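Engineer: Residues per chain, in single letters:
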Amino acid sequence: TQLLEQSPQFLSIQEGENLTVYCNSSSVFSSLQWYRQEPGEGPVLLVTVVTGGEVKKLKRLTFQFGDARKDSSLHITAAQPGDTGLYLCAGDRNNAGNMLTFGGGTRLMVKP
Amino acid sequence: DAGITQSPRHKVTETGTPVTLRCHQTENHRYMYWYRQDPGHGLRLIHYSYGVKDTDKGEVSDGYSVSRSKTEDFLLTLESATSSQTSVYFCAICKQGARANQPQHFGDGTRLSIL
Numbered sequence: 001t002q003l004l005e006q007s008p009q010f011l012s013i014q015e016g017e018n019l020t021v022y023c024n025s026s027s028v029f030s031s032l033q034w035y036r037q038e039p040g041e042g043p044v045l046l047v048t049v050v051t052g053g054e055v056k057k058l059k060r061l062t063f064q065f066g067d068a069r070k071d072s073s074l075h076i077t078a079a080q081p082g083d084t085g086l087y088l089c090a091g092d093r094n095n096a097g098n099m100l101t102f103g104g105g106t107r108l109m110v111k112p
Numbered sequence: 001d002a003g004i005t006q007s008p009r010h011k012v013t014e015t016g017t018p019v020t021l022r023c024h025q026t027e028n029h030r031y032m033y034w035y036r037q038d039p040g041h042g043l044r045l046i047h048y049s050y051g052v053k054d055t056d057k058g059e060v061s062d063g064y065s066v067s068r069s070k071t072e073d074f075l076l077t078l079e080s081a082t083s084s085q086t087s088v089y090f091c092a093i094c095k096q097g098a099r100a101n102q103p104q105h106f107g108d109g110t111r112l113s114i115l
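As they're listed, the protein sequences go chains R and H. For the first sequence, position 24 matches number 24 in our numbering, and the numbering has no gaps at all. For the second sequence, position 64 matches number 64 in our numbering, and the numbering has no gaps at all.
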């Protein structure tokens with residue numbers, strides 16, 4: 001059972017379009033982390049959201065943590081080919097050892 | 001750069017053979033993790049370690065064992081590899097694992113194919 005459901009699984013858009021990726025769960029997390037992964041490499045952290053309702057911006061990327069800390073979203077404005085990659089959300093359930101539960105990932109392709 | 005090296009980067013082996021993957025870090029962090037990544041499943045935790053000789057199981061630990069005899073090395077062993085263990089394996093560290101909400105830093109993965 002996937003505790004964190006990511007949608008969509010795949011997304012192919014044209015350069016300049018906007019998009020939103022969703023990460024949903026029935027469980028409460030102490031934080032949600034978003035990672036980006038490129039082929040042949042490990043995931044790299046983009047942002048951590050900790051407080052319910054929190055919004056963080058990273059250039060054209062906007063991350064939001066749901067008020068109940070069960071869901072999160074990633075919105076990309078004016079997508080560029082360099083945004084292409086696999087986006088992963090990961091929830092920290094505040095357990096000892098910082099173990100993360102990952103969503104299934106969203107594979108984004110931005111065409112020029 | 002978190003100083004994580006995984007070896008080998010690629011391996012092809014046959015069903016029933018033992019396989020050991022190595023994760024080496026240069027910064028002496030206590031917390032280390034092994035994940036497997038399969039399409040549609042994101043990353044799933046196999047085992048983790050919170051110090052030398054201190055390890056515990058993750059959500060998909062069946063068929064895998066780990067050892068940590070030195071802070072810098074965390075080994076993952078498939079005692080008798082099966083085709084279902086074909087996957088990409090990632091090692092990760094947490095630089096402040098005793099604190100909540102800390103990110104993990106990943107190696108570049110080992111692509112393992114079991115024929």
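Calculated directly from the structure, the hints in this document are not laboratory data. As the structure is a prediction and not an experimental result, all values here were calculated from the model. Ideal Cβ positions, reconstructed from N, Cα and C, are used throughout, including at glycine. There could be a bad hint or two in this list.
[To be verified] According to the in silico footprint, chain R covers these stretches of chain H (three or more CB under 8 Å from chain R):
#, segment
1, 14 to 28
2, 36 to 49
[What the hints assert, rightly or not] Listed next, with one range per pair, are the computed distances between beta-carbon atoms:
#, chain 1, residue 1, chain 2, residue 2, range
3, R, 3, H, 82, 36 to 42 Å
4, H, 40, R, 20, 16 to 22 Å
5, H, 7, R, 9, 29 to 35 Å
6, R, 28, H, 57, 21 to 27 Å
[Stated by the list, open to error] Simulated pairs of lysine-lysine, DSS-like, Cα-Cα distance not exceeding 30 Å:
#, chain 1, residue 1, chain 2, residue 2
7, R, 70, R, 56
8, H, 95, R, 56
9, H, 53, R, 70
10, H, 53, R, 57
11, H, 11, R, 70
Engineer: Against the earlier hints, flag every one the structure doesn't satisfy and list their numbers going up.
Structural biologist: 1, 3, 9, 10, 11
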